Each structure stands twice: as C-alpha cells, then as structure tokens.
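Peer 1: Sequence:
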Amino acid sequence: MSLRVCILETDILRPGLIDQYQGYGQMFKRLFSKQPIPAEFVVYNVVNGEYPSDDEVFDAYLVTGSKADSFGTDPWIQTLKTYLLERYERGDKLLGICFGHQLLALLLGGKAERAGQGWGIGIHDYKLDAKAPWMSPEVEELTLLISHQDQVTTLPENATVIASSAFCPFAAYHIGDQVLCFQGHPEFIHDYSRELLEILQTTLGEKVYTNGVASLERDHHGATVAEWMMRFVAHKPEARV
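For the sequence shown, the positions run 1 to 241 when the UniProt record's numbering is used.
Hints are computed from structural coordinates only; laboratory data are not their basis.
Source: prediction; values computed, not measured.
Any given hint could be a false lead.
[Unchecked claim] Straight-line Cα separation of at most 25 angstroms, SDA-like style, residue types lysine to any residue; simulated pairs:
no., residue 1, residue 2
1, K29, N48
2, K131, G176
3, K236, A166
4, K236, Q149
5, K131, E195
6, K131, K236
7, K236, R4
8, K207, E227
9, K29, R4
10, K34, Y44
11, K131, P36
12, K127, F167
13, K29, V57
14, K131, L3
15, K34, M135
16, K67, F41
17, K34, K207
18, K29, D191
19, K131, A223
20, K127, H221
21, K67, L200
22, K207, Q149
23, K29, P156
24, K81, P156
25, K127, S164
26, K34, V57
27, K127, A166
All chains should be built: construct the whole structure from the sequences, respecting the hints.
Peer 2: Below, the structure written as structure tokens:
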C-alpha cells in the first residue's frame, strides 16, 4: 500500500523562481518520485492558512524550509506550532527540513537561533553519528545542499544526532520512530541553489558567495535522504515483549 504524506509548505518562493520551481511542495514531490517507496503527497501552504481537513489521514507530515525564522512570531508560525504539537501528541510521524527541522526542535524542548557561524550555503559535508534500520542505502558521510543562517543550538532531550559538522553540530536528528529532521535541503537541485546564490550574493558577501558557487561542482545525497525519509515513515518498530 502506498504511503500518504502531507507536505506543510512554509514559504512562497521569490517571484523570479516561482515559474520554474513552483514551490517547495512541488520540489519535494519531484524528489520523492525518484525514490523506491510507493508514496503519494498532498501539499498545503500554511503561510496561506491551508491545512488538511480533520477527516484526512496521513502516514506523516513534512514541514518544509522557509525564508521565515523558526523562532519568529508571525501568526501563521504560531498556528503551525499548535497544529504540529497536536500531531506530535497524537503520535503522528513528523519530518522537518531546514525551517521545519528548527521549528520541531523548538517545539519539542530544544532551541534554534541565528547562528554565530553565519550563512551556510552551497554543498556541505556531514559525518554520520548514528545508524538506524531506515538509513538505507548506507553512505559513509552525508552531503547536502544547504541555505541557512539559523541553526538548532540545543536539541530536545530525547533527540539523537544523526549527522553533524563543525559548522553545524546538530545537522540531522531523530526522536525515536516519530520525528526525523535535516538542516540541509534534499529537495534542492544545483540550478536552484545557483539561482539562490545569485539572489543572495550581496547579503552573503564575496567570500561566502564564491565558496558557495565553487561547492556546486560536487554531487549531493538528496535522493538518499528522500529514501531514508520514506523508509522512516514506513518503518514499524519491533514490538517490545
């Protein structure tokens, strides 16, 4: 049976990017279409106040990235936090990317804030700090496209770090079999990152911009993370005797 995943889209792309890329929801749908676990996806843009009806059933809820700060006070962010806490307390599986990664950490007892390290942009490498049955296919280290100036600085008490680097110590984490989050963007493609770098060039400064552009010569594990996420959703923990 096909998995059913709700994508909670937490941004509206910049005008110059919408025509080609539509939105993060569509970018995730394109990404997940390349992984082997049968799944269908429904996108709701929560910035516009869109949410599933109460009678809709999903195997997981995915919170996308955003230009907004996870610690922001926008009304739509407060509404989303309430909604996600209800889903968590109900036992639903939750997935978070970038903004979603930070928001879920905040919501469940951690901390996210503007990072002293500054902007992370382009391709970034992480060492793997944990293994789990759903982390298949295996990789020796994790490489992802990134774009963030905020980071999780304190994890929720019951969280396990999956991936880390000196620049981003809490780059991925999971909470048991219920929550799985990544700071990096598996849904990004090189062309999108390149356009984002051009838009942000003045903000980033010449050194960060130049290093970011140079990093795009390499490949990344976006498709691998997509498969991990769907295997995580499909994973049923062994019953305790």
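Peer 1: Take the hints in turn and mark each one as holding or not.
Peer 2: Here's how the hints hold up against the structure:
1. As the CA atoms of K29 and N48 are separated by approximately 19 angstroms, the hinted pair is consistent with the 25 angstroms bound.
2. Between K131 and G176, the direct Cα distance comes to roughly 12 angstroms. Compliance with the 25 angstroms bound is thereby established for this hinted pair.
3. Using a Cα cut-off of 25 angstroms, the hinted pair K236 and A166 is violated, with the two alpha carbons roughly 33 angstroms apart.
4. At most 25 angstroms may separate the alpha-carbon atoms for a hinted pair to count; K236 and Q149 exceed this at roughly 35 angstroms.
5. Taking the CA atoms of K131 and E195, the gap is near 34 angstroms; set against the 25 angstroms cutoff, the hint is violated.
6. Restraint check: the Cα-Cα separation between K131 and K236 comes to about 16 angstroms, which is no more than 25 angstroms; the hinted pair holds.
7. Proposed proximity of K236 and R4 is supported: the alpha carbons are some 15 angstroms apart, at most 25 angstroms.
8. Annotation: proposed proximity of K207 to E227 is violated, straight-line Cα distance about 34 angstroms (limit 25 angstroms).
9. For the suggested pair K29 and R4, the alpha carbons sit about 12 angstroms apart, so the restraint of at most 25 angstroms is met.
10. Proximity of K34 to Y44 is assessed by CA-CA distance (about 21 angstroms); at most 25 angstroms being required, the pair is judged to hold.
11. At most 25 angstroms may separate the alpha-carbon atoms for a hinted pair to count; K131 and P36 meet this at roughly 20 angstroms.
12. As the CA atoms of K127 and F167 are separated by approximately 11 angstroms, the hinted pair is consistent with the 25 angstroms bound.
13. As the CA atoms of K29 and V57 are separated by approximately 18 angstroms, the hinted pair is consistent with the 25 angstroms bound.
14. A hinted pair counts as satisfied when its Cα atoms are at most 25 angstroms apart, and K131 with L3 qualifies at roughly 23 angstroms.
15. For the given pair, K34 sits about 16 angstroms from M135 by alpha-carbon distance, which is consistent with the 25 angstroms threshold.
16. For the proposed pair K67 and F41, the alpha carbon gap of about 22 angstroms is at most 25 angstroms, so the pair holds.
17. Taken as a hint, the K34 and K207 pair is broken in the structure, with Cα atoms around 34 angstroms apart against an allowance of 25 angstroms.
18. Among the hinted pairs, K29 with D191 is consistent with the structure: their alpha-carbon atoms are about 17 angstroms apart, no more than 25 angstroms.
19. This hinted pair checks out: K131 and A223 have alpha carbons roughly 18 angstroms apart, not beyond 25 angstroms.
20. For the hint linking K127 to H221, the alpha-carbon distance of about 13 angstroms falls within 25 angstroms, and the restraint holds.
21. A distance of roughly 12 angstroms separates the Cα atoms of K67 and L200; the hinted pair therefore holds under the 25 angstroms criterion.
22. A distance of roughly 15 angstroms separates the Cα atoms of K207 and Q149; the hinted pair therefore holds under the 25 angstroms criterion.
23. Restraint check: the Cα-Cα separation between K29 and P156 comes to about 29 angstroms, which exceeds 25 angstroms; the hinted pair is violated.
24. Taking the CA atoms of K81 and P156, the gap is about 15 angstroms. The hint holds against a cut of 25 angstroms.
25. Annotation: proposed proximity of K127 to S164 holds, straight-line Cα distance about 6 angstroms (limit 25 angstroms).
26. With a CA separation close to 24 angstroms, the supplied pair K34 and V57 stays within the 25 angstroms bound.
27. With a CA separation close to 10 angstroms, the supplied pair K127 and A166 stays within the 25 angstroms bound.
The earlier numbered hints that this structure contradicts are 3, 4, 5, 8, 17 and 23.
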